[in-house]
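Chemist: Residue numbers (my numbering), protein chains in the order written: chain F, 2 to 569; chain H, 2 to 569.
Hints were generated in silico from the structure; no laboratory data involved.
Only a predicted model underlies this, so the values are computations on that prediction, with no experimental measurement involved.
There could be a bad hint or two in this list.
The list treats identical chains as interchangeable, and a pair is accepted whether it falls inside one copy or across any two copies.
Straight-line Cα separation of at most 30 Å, DSSO-like style, residue types lysine-lysine; simulated pairs [stated by the list, open to error]:
#: 1; residue 1: K456; residue 2: K310
#: 2; residue 1: K417; residue 2: K140
#: 3; residue 1: K52; residue 2: K140
#: 4; residue 1: K192; residue 2: K308
#: 5; residue 1: K150; residue 2: K38
#: 6; residue 1: K224; residue 2: K11
2 protein chains.
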Amino acid sequence: MSLDMSSSQKASDLISHARSVVEQAQHALNTSLSYIKSLCINESGRLSGSKLDEYQLVSYELAYSSAEIAAANTMCNYATQIREAKGDQDNAYLEEEIALMFCAEAVQNTRSRLSARQNEFGLSTEQFSTAFETDNTVKFCQEYQQTSKLVELGNFMLDQDGRTADYLLDEDKEIMRESFQRFASDVVMPKAEHIHRDDLMIPDEILKPLVEMGCFGLSIPEKYDGLLVDGKEDNLGMIVVTEELSRGSLAAAGSLITRPEILSRALLAGGTEEQKQHWLPKLAWAEPFCAVAITEPDFGSDVAGMKLKAEKVDGGWVLNGAKTWCTFGGKAGVLLTLARTNPEPGLGHKGLSMFLVEKPSSDGHEFRHELERGGVISGKAIPTIGYRGMHSFDVFFDNVFVPDSHLLGGEAGLGKGFYYTMAGFSGGRIQTAARANGVMQAAYEKAISYSKERKVFGQRLGNYQLTLVKLARMASLMTASRQFTYSVGRLMDEGKGQMEASLVKLFACKSSEWLTREAMQIHGGMGYAEESAVSRYWIDARVLSIFEGAEETLALKVIARSLIENAA
Amino acid sequence: MSLDMSSSQKASDLISHARSVVEQAQHALNTSLSYIKSLCINESGRLSGSKLDEYQLVSYELAYSSAEIAAANTMCNYATQIREAKGDQDNAYLEEEIALMFCAEAVQNTRSRLSARQNEFGLSTEQFSTAFETDNTVKFCQEYQQTSKLVELGNFMLDQDGRTADYLLDEDKEIMRESFQRFASDVVMPKAEHIHRDDLMIPDEILKPLVEMGCFGLSIPEKYDGLLVDGKEDNLGMIVVTEELSRGSLAAAGSLITRPEILSRALLAGGTEEQKQHWLPKLAWAEPFCAVAITEPDFGSDVAGMKLKAEKVDGGWVLNGAKTWCTFGGKAGVLLTLARTNPEPGLGHKGLSMFLVEKPSSDGHEFRHELERGGVISGKAIPTIGYRGMHSFDVFFDNVFVPDSHLLGGEAGLGKGFYYTMAGFSGGRIQTAARANGVMQAAYEKAISYSKERKVFGQRLGNYQLTLVKLARMASLMTASRQFTYSVGRLMDEGKGQMEASLVKLFACKSSEWLTREAMQIHGGMGYAEESAVSRYWIDARVLSIFEGAEETLALKVIARSLIENAA
Chain F
2 MSLDMSSSQK ASDLISHARS VVEQAQHALN TSLSYIKSLC INESGRLSGS
52 KLDEYQLVSY ELAYSSAEIA AANTMCNYAT QIREAKGDQD NAYLEEEIAL
102 MFCAEAVQNT RSRLSARQNE FGLSTEQFST AFETDNTVKF CQEYQQTSKL
152 VELGNFMLDQ DGRTADYLLD EDKEIMRESF QRFASDVVMP KAEHIHRDDL
202 MIPDEILKPL VEMGCFGLSI PEKYDGLLVD GKEDNLGMIV VTEELSRGSL
252 AAAGSLITRP EILSRALLAG GTEEQKQHWL PKLAWAEPFC AVAITEPDFG
302 SDVAGMKLKA EKVDGGWVLN GAKTWCTFGG KAGVLLTLAR TNPEPGLGHK
352 GLSMFLVEKP SSDGHEFRHE LERGGVISGK AIPTIGYRGM HSFDVFFDNV
402 FVPDSHLLGG EAGLGKGFYY TMAGFSGGRI QTAARANGVM QAAYEKAISY
452 SKERKVFGQR LGNYQLTLVK LARMASLMTA SRQFTYSVGR LMDEGKGQME
502 ASLVKLFACK SSEWLTREAM QIHGGMGYAE ESAVSRYWID ARVLSIFEGA
552 EETLALKVIA RSLIENAA
Chain H
2 MSLDMSSSQK ASDLISHARS VVEQAQHALN TSLSYIKSLC INESGRLSGS
52 KLDEYQLVSY ELAYSSAEIA AANTMCNYAT QIREAKGDQD NAYLEEEIAL
102 MFCAEAVQNT RSRLSARQNE FGLSTEQFST AFETDNTVKF CQEYQQTSKL
152 VELGNFMLDQ DGRTADYLLD EDKEIMRESF QRFASDVVMP KAEHIHRDDL
202 MIPDEILKPL VEMGCFGLSI PEKYDGLLVD GKEDNLGMIV VTEELSRGSL
252 AAAGSLITRP EILSRALLAG GTEEQKQHWL PKLAWAEPFC AVAITEPDFG
302 SDVAGMKLKA EKVDGGWVLN GAKTWCTFGG KAGVLLTLAR TNPEPGLGHK
352 GLSMFLVEKP SSDGHEFRHE LERGGVISGK AIPTIGYRGM HSFDVFFDNV
402 FVPDSHLLGG EAGLGKGFYY TMAGFSGGRI QTAARANGVM QAAYEKAISY
452 SKERKVFGQR LGNYQLTLVK LARMASLMTA SRQFTYSVGR LMDEGKGQME
502 ASLVKLFACK SSEWLTREAM QIHGGMGYAE ESAVSRYWID ARVLSIFEGA
552 EETLALKVIA RSLIENAA
């Protein structure tokens, strides 16, 4: 699996070249981040949120460029690892070619963004030139964005039947990957269209085997009956499984792990030992299924403002209010519910606590349960254009009684709901990146197969240069997104990588929008038909930039804020 | 309606500045087009299609950049016309500010595209510099892409309740526009969601008034009972009506005019006087509705390869074969059908003729009619993700007898089917641009209203810089697309503008994808809900780059080919 190199340079030298080019771009970003920091520091030397809001456009562009350049860095490492793993040879490996192309495009994109308002980014002509206009950089970018290179890669990928660059996983993970890939192909894919078009609940034929395969216990330690080696994290495993299931269907399989993961993390972070022992083994084997009731109708990504009220009564709490976008809320037998236990105004997120609210499981688009313990919980699925299969509910709490034992962390957990939310969602971003990668892989496979089958103007689609260029860019973008995700997963396994998880979420989700759009375009009119899977991939991918941290919130409030705060 | 100018320069001087910057970009494009031409000329001095195929990527980029720069030129003219119409004043008019911003962005985008593979575009460093790196250009682009300018415009638009820049229509067209705008708001919009979600046929409450308003006779001369002043074209009128109806709904109103227009144009181009007198008055008042059966399952934009067979029999022809994507084919009482009347291989499009095939009208998703004259015609709607309301059918012709009188042009029309197809579709591209403009306007209005209503992190969405920037770019892109469309419509009324119609189709449709995506993003989670109109606008807009000349075919086979052929 190697491409002929047009250059006689050694591949490792080329990667060094790429590194130096990427480094220069990173340097420009750093300069700009420092500049914005200098404008937003208030008198006490701290970053002012309101001042930062005056620089949202440049902040957004810096966040996105940082994500792209971080991905480019990952690709350089990946290329190095490939050569280490596969041994030295004269020709470049496919993965090295992809890395070079990706770096060239990432730097070119960053250059374009910064050049549009160079002065606002605080870059002098000289600084900009040093970063992007040296012979070293210009030559590199021109060479690795050459049409001929893209065409060569496109042709190569076309002959691979949708097989892509090496995933570079160790043997354990590779076995895991293959088994979930097979499950996705054999079980999920044949059912996905029907589930989407008829807006059905995911059927037992998918749910049951996944429970048996241990999917719901991936983030639960062995001592609580889960699959996680005690005392270790396995983000990479969760990523690999999520990606493969999302290749089958984002909605009908790829998002099932999200909710037990959130609950497990929240329980591990804040639960009493008794709560852990009670809940974790149940969650690990989906007895019951679970869901998350955090978002409220008036508050999306803005957790601190939540209003659902919990009032203390004898032996427990009574909950009143509404939640929304509670995905899988019908099927779930327990809802992780964020509630305001202290109504004092001004407390903000410090007045919030977390409850485990039990309810009967049901399959339809609506439910209404009079609870044994008191109160009524009801829900109505919000019809959405895609991401169907789990149903996302508006949920109404009407005097719902929750015993003291179900307050997360017991009395010590009072006021810590926001913290537990953060702990629960800490894997959400990287997982969403993995979901995007799975959707991309599925769309990419369809783009490849259609390019081979379909004839236009007397030639198969895949003979045309523009098709080959699209396929090459898809392969490059998808590989970068996947490897970036894996690398962040590995970082997270070491207890690091929260910022990187945000970067890769931003990057992967936008990439999946572009890739699914192009895969659809390759299908022509058929791409717009419901029977073509690409139409569903395109619609499903669209949700990724909206949920788990909307693109803008993520870019501005999380990424840019932190990058600027930590700038020199 | 004027913005404060940050510059003390006179607005007319600024527009001159913009013109000179845009001209330089055009000059670079011309240089590049000539260069590609020099590479693709064969020995006989003619452009070689197969050589041109080796430059598809740069051809695509040149086509898109040409469209953007042509739009920028239009915006300069628009700014001049605004000042002429409204009189001189010290401050810049809103429309002038929008024009300046649009020009800056168009030049910046073109620069970015060309810089990625400058050598492949055949631009020397010096040529590139002259076009994009002079002080004149750099200063202009930086100044009019400034965040503060975008924010100022965004705020201004936010206060306008979705009202946009001046349409600059004459009184007649403005009255026409307002009446269809009202109809779209009052009658179409309230029904659009239901039609989409339940995939219904457009109801009589929409169809009947539109027939009465003369919609179906817009391209039919008065002497044939239509609304067109004899001997004149009125593309602009058709554009204005189409845009306003598409604002109501692309699928449930905005595309109704397309089919009678195609039939009228084909009949006017090729029909015998008897055929014109028989059919045109009927079509003008939708008695019957009509549809177009051109595309075949194996041939999308590739008309010359069509296979549906017409065999000569006594008194007529017998048709056998299949058509696809026959939109409105169920409701239609007559299908304009392209068939192969001469089976001789190698004749290509010269073996094709056009028939008017009568059939009963029906409302469902399927039909099957045994025809009085002989044969069976049947159809099945292809479920699509959007563009619902008219239903697009696979149509099967099983020994369908068509009398000689229904061969378009009579015996003289034999072999001219391809020519009549082209004549019929000559208005399709500009009309599709108008449809894109209508969808953009609708999405834009929702983006504005949601930005005013919704609060996030304690502030209304419209207070945030990033929202304002999005709204400003939406306003700028949409205004450019609309004015570009109008200007091409006026050109077409003078019998010119076919190339420009392709440029504006390419530009408007891609713009509508971006704009609807951003409008959706502004809505956060609600943007993904079916009850939010923006989710439908996003899905509907997606079809625009696929039909009426798929983006790639249009860019490569029509635009780039012709631009390169005509390059110096």
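Chemist: Work down the list of hints and note, for each, if the structure agrees.
Modeler: Cross-check of the supplied hints:
no. : hint           : result
1   : K456 with K310 : between (61 Å within a copy, 20 Å between copies)
2   : K417 with K140 : neither (54 Å within a copy, 52 Å between copies)
3   : K52 with K140  : between (39 Å within a copy, 26 Å between copies)
4   : K192 with K308 : neither (39 Å within a copy, 35 Å between copies)
5   : K150 with K38  : between (40 Å within a copy, 22 Å between copies)
6   : K224 with K11  : neither (50 Å within a copy, 76 Å between copies)
Against the hints set out earlier in the document, violations occur for numbers 2, 4 and 6.
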